[in-house]
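Asker: Chain residues, written in single-letter form:
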Amino acid sequence: MLLAVLQPGGDAATALYIVAFSLFIIGIKRGTHPTTAKQGNLIAAAGMAVAVAATLLLDGMGNWGLIALGLGVGTAVGVIASIRVQMTEMPQMVALYNGVGGGAVALIAWSEIRNEIAEIDAGHISSVPLDILIPILFAAVVGSVSFWGSNIAFAKLQDLIPTKPLAVPGQQVINGVLLIGILAACVSIAVGNDDPSQLTFIGILVAAGLLGNLVVLPIGGADMPVVISLLNAFTGLSAAAAGFALDNVALIVAGTLVGSSGTILTMEMATAMNRSVANVLFAGFGGAPSGGAAGSGEERPHVSIGAQDAAIKLAYADTVVIVPGYGLAVAQAQHAIKEVADELEKRGVTVNYAIHPVAGRMPGHMNVLLAEADVPYENLKEMEEINPEMGRTDVAVVVGANDVTNPAAKNDPDSPIAGMPIIEVNEAQQVIVIKRSLSPGFAGIDNDLFYEPNTSMLFADAKQAAADIAAEIGNL
Amino acid sequence: MTEITIFVLAAFVGFEVISKVPTTLHTPLMSQTNAIHGIVMLGGLIVLGYAGDGLEYVIGTIAVAFGAINIVGGFMVTDRMLGMFSKKPKPKADTDGKGS
Chain A
1 MLLAVLQPGG DAATALYIVA FSLFIIGIKR GTHPTTAKQG NLIAAAGMAV
51 AVAATLLLDG MGNWGLIALG LGVGTAVGVI ASIRVQMTEM PQMVALYNGV
101 GGGAVALIAW SEIRNEIAEI DAGHISSVPL DILIPILFAA VVGSVSFWGS
151 NIAFAKLQDL IPTKPLAVPG QQVINGVLLI GILAACVSIA VGNDDPSQLT
201 FIGILVAAGL LGNLVVLPIG GADMPVVISL LNAFTGLSAA AAGFALDNVA
251 LIVAGTLVGS SGTILTMEMA TAMNRSVANV LFAGFGGAPS GGAAGSGEER
301 PHVSIGAQDA AIKLAYADTV VIVPGYGLAV AQAQHAIKEV ADELEKRGVT
351 VNYAIHPVAG RMPGHMNVLL AEADVPYENL KEMEEINPEM GRTDVAVVVG
401 ANDVTNPAAK NDPDSPIAGM PIIEVNEAQQ VIVIKRSLSP GFAGIDNDLF
451 YEPNTSMLFA DAKQAAADIA AEIGNL
Chain B
1 MTEITIFVLA AFVGFEVISK VPTTLHTPLM SQTNAIHGIV MLGGLIVLGY
51 AGDGLEYVIG TIAVAFGAIN IVGGFMVTDR MLGMFSKKPK PKADTDGKGS
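Taken in sequence, the protein lines are chains A and B.
Under the numbering used here, think of the first position of the first sequence as 1, with each following residue one higher.
Under the numbering used here, think of the first position of the second sequence as 1, with each following residue one higher.
Hint data in this document are derived by calculation from the structure and do not stem from the laboratory.
Watch out, some of these pointers could steer you wrong.
[Stated by the list, open to error] Partial list, derived from the structure: chain A residues whose beta carbon lies under 8 Å from chain B:
1. F24
2. V50
3. A53
4. Q86
5. L199
6. I202
7. G203
8. V206
9. G236
10. A371
11. N387
Beta carbons are placed, not taken as given, at the ideal position from N, Cα and C, and that holds for glycine.
Okay, chain A solo, but in the shape it has when bound (with noise of 0.2 Å):
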């Protein structure tokens, strides 16, 4: 027979086991060069089709209706959830994979300490050995932190709830006094680990749930990219604890993996928001901004402009800077802001984008979009790129973008979002924001941008302005 079955831990699967994570390795390294990171995705892929496949073949596996059924609904569901997915509703997306993967920890682990308790029952074993049982109970409580947080990104982001911070009384002594109740139940677990009970994993696997709901709930959403790029690294984490207690060494070095690049990329995604990622989780962003002069109540000067005033400006300017922000995604104006700056380089009119680290809703985020729109890579700057150029920029259009270019962060050193790195769009001769109204942003703090005598606001929709501008332009 050319498919042998295989020995669980034996040499033929830990050597599949290996081909996997070599794929996976290969993958992650194409996956840092725009051209081959298509192909490091597919190598990936197929590094995982060779585990799942080696996994298949382990002796004495059984239950292949079962096993069937949970492969043929979750394919099904993942195919249909992919294909329909807008490119704006990424973030989301990955939020709820990463969930997905956090709860499959915290089940496998259930399943873990249940065999473990019967294997107690059964008398062949007199306790659980901590180097098994420790693995599981970690996989236990940051699976499910995982899986009920990233639910709550999930909802949060798609606006299924309030994405402001909401805080709630004494919210750092409720989730104290719960970390330590975890931990507690853990400790008495792998104490008494010649009976373990299955009540107390279960409360431990509860109080998780509840910890992760309450961690990420008065998170606002423009930290939320942070708060999943550490729970991608968390769910990674788990399931290296989850290959310990299976003694599977592919869970180990996958999860593994993943927990080393989420960690790199939450403590960059931070940095990028002159935050760490202590602050980040424990300081909710403005839920009273102490300060700026402003109260939210006050009605302050400020110059709206219509369409057609807008497409005049640029269409008489040498440069323009398009400033893209989280606004443009969500009225996903990505195509229409590129019709503008088609129809200003027909005029001979140089357009380039400031990218700020964090726009959109996770670092890259917002050059994914404007590549869906077929933006030139070329025109694309970072901020550090562009922010000497502002002064010479004769007109900066921010587009559904708030705090990022809010010359607070650099002036005011009151201000909560004091020392974020901005977008320098205050030092370009004009400033035109095209934003719904003069709501404050994620921060919850006032743009005194939005009342500097250079700036004009077009107060409308994203996509419909765009739009508008694009035909007057036309029309000039």
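Please arrange chain B on chain A, whose structure you already have, making use of the hints.
Answerer: Coordinates of chain B only, in the frame set by chain A:
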């Protein structure tokens, strides 16, 4: 100890391989690594494959379905994202001067 050794080495490999990614590719990379932790589906398969009672069947089947969503959805979404980069004309040549 062997497993701990593997764990530590894997952490270093991940760190080294990943720390060289340009910002542009962060979202696709995050999505790809997200798909890779779908490897937990193997755990689900093992649990379900050796399961012996009713609750185990339920837990195992859900774990496999969750894992499959994570894997299939993750890789497909990453592929879609990266497809958007590849269809643009020619990314390099002439990047220094003014085009033309």
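Asker: Run every hint past the structure and note whether it holds.
Answerer: A quick look at each hint next to the structure:
Hint status for A/F24: holds, given a least beta-carbon distance of 6 Å to chain B, under 8 Å. Given hint, A/V50 at the interface with chain B, is violated; its Cβ is 11 Å from that chain's nearest Cβ, farther than 8 Å. Hint on A/A53 is violated. Least Cβ distance to chain B is approximately 10 Å, over the 8 Å limit. Nearest Cβ of chain B to the Cβ of A/Q86: about 10 Å, over the 8 Å cut. The hint is violated.
Violation of the interface hint for A/L199 is found here, the shortest Cβ-Cβ separation to chain B being roughly 14 Å, above the 8 Å cut-off. Interface hint at A/I202: violated, since its Cβ lies 11 Å from the closest Cβ of chain B, which is beyond the 8 Å cut-off. Because the smallest distance between the Cβ of A/G203 and any Cβ of chain B comes to about 17 Å, over 8 Å, the interface hint for this residue is violated. The restraint placing A/V206 at the interface with chain B is violated, with a minimum CB-CB distance near 15 Å, outside the 8 Å limit.
Annotation: A/G236 was flagged as interfacial toward chain B, and the flag holds, the nearest CB pair being 5 Å apart, inside 8 Å. With a cut of 8 Å, the hint placing A/A371 at the interface with chain B holds, because the nearest CB-to-CB distance is about 4 Å. Of the supplied interface hints, the one on A/N387 is violated, with its beta-carbon coming no nearer than about 16 Å to a beta-carbon of chain B, more than 8 Å.
This entry does not satisfy hints 2, 3, 4, 5, 6, 7, 8, 11, going by the numbered hints stated previously.
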